[in-house]
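Q: Take a look at the letters that make up each chain.
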Amino acid sequence: MKLSKRKLVQPIVTTNPVTVHVLGICSALAVTTSLATALVMSISVIFVLSLSNTIISVIRRHIPASIRLIIQITIIASLVIVVDLVLQAYLFELSKRLSVFVGLIVSNCIVLGRAEAFAMKNPPLPSLLDGLGNGLGYAWILLLIGAVRELLAEGTLLGYEILPLVEDGGWFTPLESMALPPSAFFLLGLLIWAVRSLRVEQREAPTTRKPEVSS
Amino acid sequence: MDSVNPLRWWQVFLGLPNRRPAKAIGIALLVALACSLTVALTALNLKPIADANRLRERAASLVALVAALGVDMPRARLVELADGEYVARDPQSTMMLDGGRDLAGLGAVETVAEVYELRDSAGVQLVVLPVRGAGYQSVLKGYLALRGDLDTIAALRFHEQNETPGMGAKIADPAWQALWTGKRVAGDDGTIRVRAVRGDGEGLHEVDGISGATRTVNRINNLLQFWLGPDGYGPYLARLKAEAGT
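Heads up: the sequence lines are chains E and W, in that order.
Each residue of the first sequence is one higher than the one before, counting from 1 in the working numbering.
Each residue of the second sequence is one higher than the one before, counting from 1 in the working numbering.
Source of the hints: derived by calculation from the structure; they are not laboratory data.
The structure displayed is predicted, hence computed values, not measured ones.
We treat Cβ as the ideally placed atom computed from N, Cα and C, and that holds for glycine.
Any given hint could be a false lead.
Result set (DSS-like, lysine-lysine): computed pairs, CA atoms no more than 25 Å apart in a straight line [stated by the list, open to error]:
hint: 1; chain 1: W; residue 1: Lys-170; chain 2: W; residue 2: Lys-241
hint: 2; chain 1: W; residue 1: Lys-241; chain 2: E; residue 2: Lys-121
hint: 3; chain 1: W; residue 1: Lys-141; chain 2: W; residue 2: Lys-183
hint: 4; chain 1: W; residue 1: Lys-170; chain 2: W; residue 2: Lys-183
hint: 5; chain 1: E; residue 1: Lys-5; chain 2: E; residue 2: Lys-121
hint: 6; chain 1: W; residue 1: Lys-170; chain 2: E; residue 2: Lys-96
hint: 7; chain 1: W; residue 1: Lys-141; chain 2: W; residue 2: Lys-170
hint: 8; chain 1: E; residue 1: Lys-96; chain 2: E; residue 2: Lys-2
hint: 9; chain 1: E; residue 1: Lys-96; chain 2: W; residue 2: Lys-47
hint: 10; chain 1: W; residue 1: Lys-183; chain 2: W; residue 2: Lys-47
hint: 11; chain 1: W; residue 1: Lys-141; chain 2: E; residue 2: Lys-96
Just some of the chain W residues that point at chain E, by a computed CB distance under 10 Å [as the list claims (entries may be wrong)]:
hint: 12; residue: Leu-14
hint: 13; residue: Asn-18
hint: 14; residue: Leu-30
hint: 15; residue: Cys-35
hint: 16; residue: Leu-46
hint: 17; residue: Ala-59
hint: 18; residue: Leu-62
hint: 19; residue: Asp-120
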């Protein structure tokens, strides 16, 4: 595979920021109550991550090491404010449901993590692809969890009825617990388990060892 | 002339080693300038759309409030706050409030406000008063609806607030707002007594507070004191009461 293409594809599964590095969990739990909020959040993060990576990479040679973090955060925060303003203007209802979580993209470890670990050391194009890839890696997990939660809690996807609810004369009894934050934890845990079972190399080394029994 | 060529200065600046404080200060200034310009231009360009959204939400909130009470849409009237008389035109003027009177933290208040009145043959049935004030970390805007006795609260709703989610933001919770319904505004002596208290509210004037949101709730108490008082709708309500009495 070409190097640049690998930069894009690798973070989607192999070095996925959520399942491998377990970053960005806070927002992944908060905005996945429905597919629509997960979708808007995913697009916002992809936008911020790609642009912040590109901008930081363009000026990386002129960022003094002593003030590099504050420069990175300033750029990221400005992009986040722009996204927040655009959402408030064009997707007013959704922006209210997302409440603080768009603003909290600033403190999403994935964004600053990629700026520091990748964009500061690589040229703009690979940095853009890296941002895009990591954003997509975050997005598919959000979308999957959002879809499962909305489907099981409301019987809908993006507001369209998929499973007819008992209260409307259908057969599906919704799982109320899926609307609550802990369910996102369980789903994410199951997902990480599944991914790591298929991709054994992602398993972490055990932090404890079996005691050696001397006979 | 080479020494005054801006392009040359730029190259010299970029050529400075990153360790030099001048470079660090220069880069910090440039990044700050570019970022603030981007944010300011975006905000300016999107302001008309955001304002329109807010107006639509405000109108929808009034419609929802009236629908929940099951009454007809009240009629909008312009009222001079100082004497409570109807006026035909809004002069768009404001009045400064000095510290002691500025309970809602507004700084200045308009001299003419728009209120909504529902009358039938028996007189005033419902008035809906727009109220606003400084919250803990955002501006709170809402509607206070009073029944025909001008003392019983029919509804209190906030359609705009940006308080801490899960804490102050609970003021937007319909269940909490419903606690205000049926409470009485004034005590026997005519002072404004309705308020949310810490813990459980008792009697005709008290509403349960929200734990973890004491400051936000206190600001609501203050803004109600202001808007029902002499610098708010006090004179207007007094005039309606006098009208009903005669």
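Q: Indicate, hint by hint, whether the structure satisfies it.
A: Now the hints, each set against the structure:
no.: 1; hint: Lys-170/W to Lys-241/W; verdict: 33 Å, violated
no.: 2; hint: Lys-241/W to Lys-121/E; verdict: 74 Å, violated
no.: 3; hint: Lys-141/W to Lys-183/W; verdict: 20 Å, holds
no.: 4; hint: Lys-170/W to Lys-183/W; verdict: 19 Å, holds
no.: 5; hint: Lys-5/E to Lys-121/E; verdict: 18 Å, holds
no.: 6; hint: Lys-170/W to Lys-96/E; verdict: 14 Å, holds
no.: 7; hint: Lys-141/W to Lys-170/W; verdict: 14 Å, holds
no.: 8; hint: Lys-96/E to Lys-2/E; verdict: 42 Å, violated
no.: 9; hint: Lys-96/E to Lys-47/W; verdict: 17 Å, holds
no.: 10; hint: Lys-183/W to Lys-47/W; verdict: 38 Å, violated
no.: 11; hint: Lys-141/W to Lys-96/E; verdict: 16 Å, holds
no.: 12; hint: Leu-14; verdict: 6 Å, holds
no.: 13; hint: Asn-18; verdict: 4 Å, holds
no.: 14; hint: Leu-30; verdict: 9 Å, holds
no.: 15; hint: Cys-35; verdict: 4 Å, holds
no.: 16; hint: Leu-46; verdict: 4 Å, holds
no.: 17; hint: Ala-59; verdict: 13 Å, violated
no.: 18; hint: Leu-62; verdict: 17 Å, violated
no.: 19; hint: Asp-120; verdict: 35 Å, violated
Consistency note: the structure conflicts with the earlier hints numbered 1, 2, 8, 10, 17, 18, 19.
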